[in-house]
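Engineer: Sequence:
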Amino acid sequence: MSTHADTAPSWVRAHAQATPDAPAVDSPWARLTYAQLETRMLALAGLLRDAGVEPGARVLIALPLGCAAAVTGLAVQALGACAVELDRETGADSLEDILAQTGARHAVIFGQDARRWTGRASLTHFFVVHGSRPPERLRGLLAPATCTWLQEDGTVDPDVVPAPLSALPSLSPEAPASIVYTSGSTGTPRGVLQTFANIAANTRSIVEYLGLTARDRAMHILPLHYCYGKSVLQTHLLAGGSVFLDPRFMYPQVVLEAMASEACTGFAGVPLTFELLRRQAAPESLSKLTLRYLTQAGGGMSPDTVRWTRESFHPAELFVMYGQTEATARLSYLPPARATDKAGSIGQGIPGVTLAVVAEDGTPLADGEVGQLVAKGANVTPGYLDAPDETAAILHDGWLWTGDLAWRDADGFFFLVGRAKEILKVGGHRVSPVEMEHVLARHPAVLEVAVVGVPDELGGEAACAVVVLKPDATPKEDDLRRFCRESLPAHKVPRHVLFTEALPRGPTGKVLKADLRTRVLSSLSSPESRS
1 MSTHADTAPS WVRAHAQATP DAPAVDSPWA RLTYAQLETR MLALAGLLRD AGVEPGARVL
61 IALPLGCAAA VTGLAVQALG ACAVELDRET GADSLEDILA QTGARHAVIF GQDARRWTGR
121 ASLTHFFVVH GSRPPERLRG LLAPATCTWL QEDGTVDPDV VPAPLSALPS LSPEAPASIV
181 YTSGSTGTPR GVLQTFANIA ANTRSIVEYL GLTARDRAMH ILPLHYCYGK SVLQTHLLAG
241 GSVFLDPRFM YPQVVLEAMA SEACTGFAGV PLTFELLRRQ AAPESLSKLT LRYLTQAGGG
301 MSPDTVRWTR ESFHPAELFV MYGQTEATAR LSYLPPARAT DKAGSIGQGI PGVTLAVVAE
361 DGTPLADGEV GQLVAKGANV TPGYLDAPDE TAAILHDGWL WTGDLAWRDA DGFFFLVGRA
421 KEILKVGGHR VSPVEMEHVL ARHPAVLEVA VVGVPDELGG EAACAVVVLK PDATPKEDDL
481 RRFCRESLPA HKVPRHVLFT EALPRGPTGK VLKADLRTRV LSSLSSPESR S
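Under my numbering, the first residue of the sequence shown is numbered 1, with each subsequent residue one higher.
FYI, nobody ran anything at the bench for these hints, they're computed from the structure. Heads up, the beta-carbon is just placed ideally off N, CA and C, and yes, glycines get one too. You may find that some hints are simply not true.
Derived DEER-like restraints, expressed as beta-carbon distance ranges [stated by the list, open to error]:
1) Gln112 x Thr354: 42 to 48 Å
2) His396 x Ala92: 34 to 40 Å
3) Glu435 x Thr518: 22 to 28 Å
4) Glu96 x Ser172: 29 to 35 Å
5) Arg482 x Asp113: 46 to 52 Å
6) Phe499 x Glu457: 32 to 38 Å
7) His314 x Ala14: 42 to 48 Å
Subject to a maximum C-alpha distance of 27 Å in a straight line, what follows is the list of computed DSSO-like cross-link-like pairs (lysine-lysine) [as the list claims (entries may be wrong)]:
8) Lys342 x Lys476
9) Lys421 x Lys376
10) Lys476 x Lys425
11) Lys470 x Lys513
12) Lys421 x Lys288
13) Lys376 x Lys470
14) Lys476 x Lys513
15) Lys513 x Lys425
16) Lys513 x Lys492
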């Protein structure tokens, strides 16, 4: 056992003592200094303790981005318990699976979502974030479970006066601090375990390469059930900086105005974030920003969007990053100084992480050879919750097998080829959808594109490109295939090109290729496509 010396709650306590009046966590509706954040964290931790939450217990958290969500995650971990942060839109079947897997008895939910939680017999206590004291109707939806009110800034019910947690308990660095759910290969959600040591290692590495200090303030639009979103909060709490939690990115112009008025120095987004800004941002809003840096993860951006982002946010530097939930968020980054000569690279391992490219038997491959990307570091998960077979499939001798195919150049920079399970077998060739996507994205009429594989008549696969066109663009399928032939060999030219108004995306903006493939198969089998 060790002291609670290197955890997010301990970072909050240290800054609350050193700089109590410094801003910590703000939103459009609430502002918390480090002293206020500590007070709310310890009060809620005391309330959770009195409700029966013990070290190691799992507590479900399903809240919108805001101060209450930040306070709740910190309070759970301050007890040495495990925060299970969920998307509020988690489906009923998945939620039942998660309840069974975690054995959770306590949940912190948003009042507007109460009906989604009706009938969850395994839960004995709900903490409900609501603008006012929850009415009897809402309490009735959650009965017979106990229902306790939390205010939207993370303050506990003023009529409930718990003894705040007076000291952070001793705990093992290897104890689970968080369980993050991802989609499993069988369709059942799988919980990725993240220990206190994993989070500390990941957070310290990011703070180091971004050069974060107490002067930094991030515009934070990413959900806290997403590793990337969590890491933005954690890194700024470690550095003594602050975050402005803003869930209004459906109105990009509003967020840009807040970014300027709040004097934010950093901004984190996924590819869709920057694509939406590229389409909607007013140039005069961008000129008012005081950003020092930008970070991008969650998938590759098109070359045009990368170029627009660097030019439009100049002089802010863009850090292209790569990671996985199984790595507590981050594995590599591309330094802005190498953005031109290493364009398309995911960079090199973050401090404390070693990357390598290996063959299927684990043999290291030479520079330029394509194989599976593997990683080793203190941020790598100990595995999936109660899933030994899936854990064994990704962890070998301390190395995380990412499932991504990549190659390394002579300077030690890594380049992704694609997901191993998404590589297509076309006419005896192994073909990466990413390569085709990059070529099609350069066409002046193409706004977005994703490539999936469909069965061909010879038992292999054919590539199908699904394209979203720019407004008023009218190219035909043959036009785009002809464009591909200018840069790609024949077996890498998509056999089919379909047009759509939008690509299916998950909550973090990634294209849902399994859903897309289902749509493509349906479209190609329709009478219209055969005529």
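Engineer: Work down the list of hints and note, for each, if the structure agrees.
Structural biologist: Hints, one by one, checked against the model:
no., hint, verdict
1, Gln112 x Thr354: 42 to 48 Å, "45 Å, holds"
2, His396 x Ala92: 34 to 40 Å, "36 Å, holds"
3, Glu435 x Thr518: 22 to 28 Å, "23 Å, holds"
4, Glu96 x Ser172: 29 to 35 Å, "30 Å, holds"
5, Arg482 x Asp113: 46 to 52 Å, "50 Å, holds"
6, Phe499 x Glu457: 32 to 38 Å, "24 Å, violated"
7, His314 x Ala14: 42 to 48 Å, "35 Å, violated"
8, Lys342 x Lys476, "33 Å, violated"
9, Lys421 x Lys376, "21 Å, holds"
10, Lys476 x Lys425, "26 Å, holds"
11, Lys470 x Lys513, "21 Å, holds"
12, Lys421 x Lys288, "44 Å, violated"
13, Lys376 x Lys470, "42 Å, violated"
14, Lys476 x Lys513, "23 Å, holds"
15, Lys513 x Lys425, "17 Å, holds"
16, Lys513 x Lys492, "18 Å, holds"
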